[in-house]
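**Student:** The residues making up each chain are set out below.
Number of protein chains: 2
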Amino acid sequence: MSEASSLPFFAELAELARSLGHTHRLQLLDLIAQNEHSVERLAELAGLSLANASQHLQHLKRAGFVTTRRDGKRIFYRLSDGPIAPLLAALKAQAEFNHKQLATFIADSRSRPDRLEAIDAEELLRRMREDSVTLLDVRAETEYAVGHVPGAVNIPLPELARRLAELRKDQEVIAYCRGSHCALSAEAVRALSALGYKARHFDSGLPGWQALGLAISSLQSSGSKAGL
Amino acid sequence: MSEASSLPFFAELAELARSLGHTHRLQLLDLIAQNEHSVERLAELAGLSLANASQHLQHLKRAGFVTTRRDGKRIFYRLSDGPIAPLLAALKAQAEFNHKQLATFIADSRSRPDRLEAIDAEELLRRMREDSVTLLDVRAETEYAVGHVPGAVNIPLPELARRLAELRKDQEVIAYCRGSHCALSAEAVRALSALGYKARHFDSGLPGWQALGLAISSLQSSGSKAGL
DNA sequence: CAATCATTCAATAAAGTAATTGAATGAAAT
DNA sequence: ATTTCATTCAATTACTTTATTGAATGATTG
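Going line by line, the protein sequences match chains A and B. Offset between the first sequence (1-based) and the working numbering: plus 428. Offset between the second sequence (1-based) and the working numbering: plus 428.
Treat the hints as calculated values from the structure; they're not laboratory data. Given the structure is predicted, the values throughout are model-derived calculations rather than measurements. Wrong hints could be hidden among the right ones.
Note that the list lumps identical chains together, so a pair holds whenever it fits in one copy or between two copies.
[Unchecked claim] No farther apart than 16 Å at their CA atoms in a straight line, the calculated lysine to aspartate or glutamate pairs in the EDC-like style are these:
(1) K528 <-> D598
(2) K489 <-> E443
(3) K528 <-> D509
(4) K489 <-> D598
(5) K520 <-> E464
(6) K501 <-> E600
(7) K520 <-> D559
(8) K597 <-> E443
(9) K626 <-> E594
Model the full structure from these sequences, guided by the hints.
**Tutor:** Rendered as structure tokens:
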């Protein structure tokens, strides 16, 4: 049922999927879904250059998601009357499913205490120097604000599920928390590992970092309150 | 409603979409949907190298479309219990919508006889030499088999809608048919243009090509009967 | 506990995609 | 006609993704 004969069909679907596979195009599509707009307007709303917006819009047009209409000097893009809404809804549903999966996994792993791979300070420092790891601070925002390892990203454990997108998939993630008595980073690592991320924890946490005489960063005003 | 705050969300959806944006991954997903399989089996069924299949499978896993289970030496991939079916159905629906759109457009344009850009033999030959055009023969398969311009792709006009994927989007398409009295290539050009393809027709068609003393190709046995 | 074997990882090479610039198009207004 | 102006095109550059190879992993089997 899925031999050579259906390969061109898969290729066609893949092309459609790729058309949705770019932040700017999804954003443009979302703007167009709200209202018909000219290229200039869309570029402005999305914060893109004109030429760049134009190219992304043409990409969407070729995929059949939008159509154009000329009125005087400008060209207006609007949604085609194809089944775009269900398609986007299905995408969102999958995203939500993933969030739930991770949330329940974190809850589950709270009970199952198997041991995990740790990273020692020496390797961590080396890897940080060559920028080959993502350092993840899973403590609360307030704790992070007071002091954190320089360069670390802060995603409190309860929010990890819905903020996965902030982690690079191509790098190993090193989670840390308050130290070896604190289970937060271990849970994060278990959850991330189960999702196919490469993850370890820096077991001694922020105290261990400070004990080595290394500098920490802090936030003056609480600046990074990104929306849900 | 669609400001900076939702950008990470779009980025997340885009990543999901990209996970479906590759022929091999869709094919693997289709195989997995039919039955749980080991990596080796999937690689074999899809005609991929082991490492390549493994990487695509991990990509699908990270996107939450599949999960794994270890049994002895091998690892089995099966569908996750997320909403994958509706997602794929929505993609297919969009593909079908595009086919229909094009089909009706071709039907419509049969009546509306506006003139189109043509390409002359000289330019055609030059562009063919530098491989910067896709030459499209829109006549019936049997006619193509008897003789066609060397290098031309054959997609009979009635099949154009569902075989669009065979045309490169990054090159101009030059359609030709039986000659200037024949409307097939003109219709193809109108349809392709409306979809955002860059398209012109070689108005004098195959007779014009032969009149210049240029060689034609033919097929011995009818070899290229690709499935729907 | 050494060997085997399915799978994954790592590194590199190849291909494809995106952003940017400035020029070209083509409809409308003067 | 000529100018204006929104959009697109073309060409370059930078970036990202994919394929390939061979080595590493890690669970079973003898």
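**Student:** Given a CA cutoff of 16 Å, do K528 and D598 count as a within-copy pair, a between-copy pair, both, or neither?
**Tutor:** neither (23 Å within a copy, 40 Å between copies)
**Student:** Can you tell me if K489 and D598 fall within 16 Å by alpha carbon in one copy, between copies, both or neither?
**Tutor:** Between copies only: 14 Å across, 31 Å inside.
**Student:** When Cα atoms must be at most 16 Å apart, do K597 and E443 count as within-copy, between-copy, both, or neither?
**Tutor:** between (23 Å within a copy, 11 Å between copies)
**Student:** Between copies, within a copy, both or neither: which fits K528 and D509 at Cα up to 16 Å?
**Tutor:** Result: close only across copies, 12 Å inter versus 32 Å intra.
**Student:** Classify it for me, K489 with E443: is the Cα-Cα distance of at most 16 Å met within a copy, between copies, both or neither?
**Tutor:** within (13 Å within a copy, 20 Å between copies)
**Student:** Can you give me the call for K520 and E464, within, between, both or neither, at a CA distance of at most 16 Å?
**Tutor:** Answer is neither; intra-copy 23 Å and inter-copy 25 Å both fail.
**Student:** Quick one: K626 to E594, C-alpha cut-off 16 Å, is that within a copy, between copies, both, or neither?
**Tutor:** Within one copy only: 15 Å inside, 38 Å across.
**Student:** At 16 Å max between alpha carbons, let me know whether K520 reaches D559 within a copy, between copies, both or neither.
**Tutor:** neither (32 Å within a copy, 41 Å between copies)
**Student:** Which holds for K501 with E600 at a C-alpha limit of 16 Å: within a copy, between copies, both or neither?
**Tutor:** For K501 and E600, the Cα distance exceeds 16 Å both inside one copy (51 Å) and across copies (25 Å).
When held up to the earlier numbered hints, the structure conflicts with 1, 5, 6, 7 and fits the remainder.
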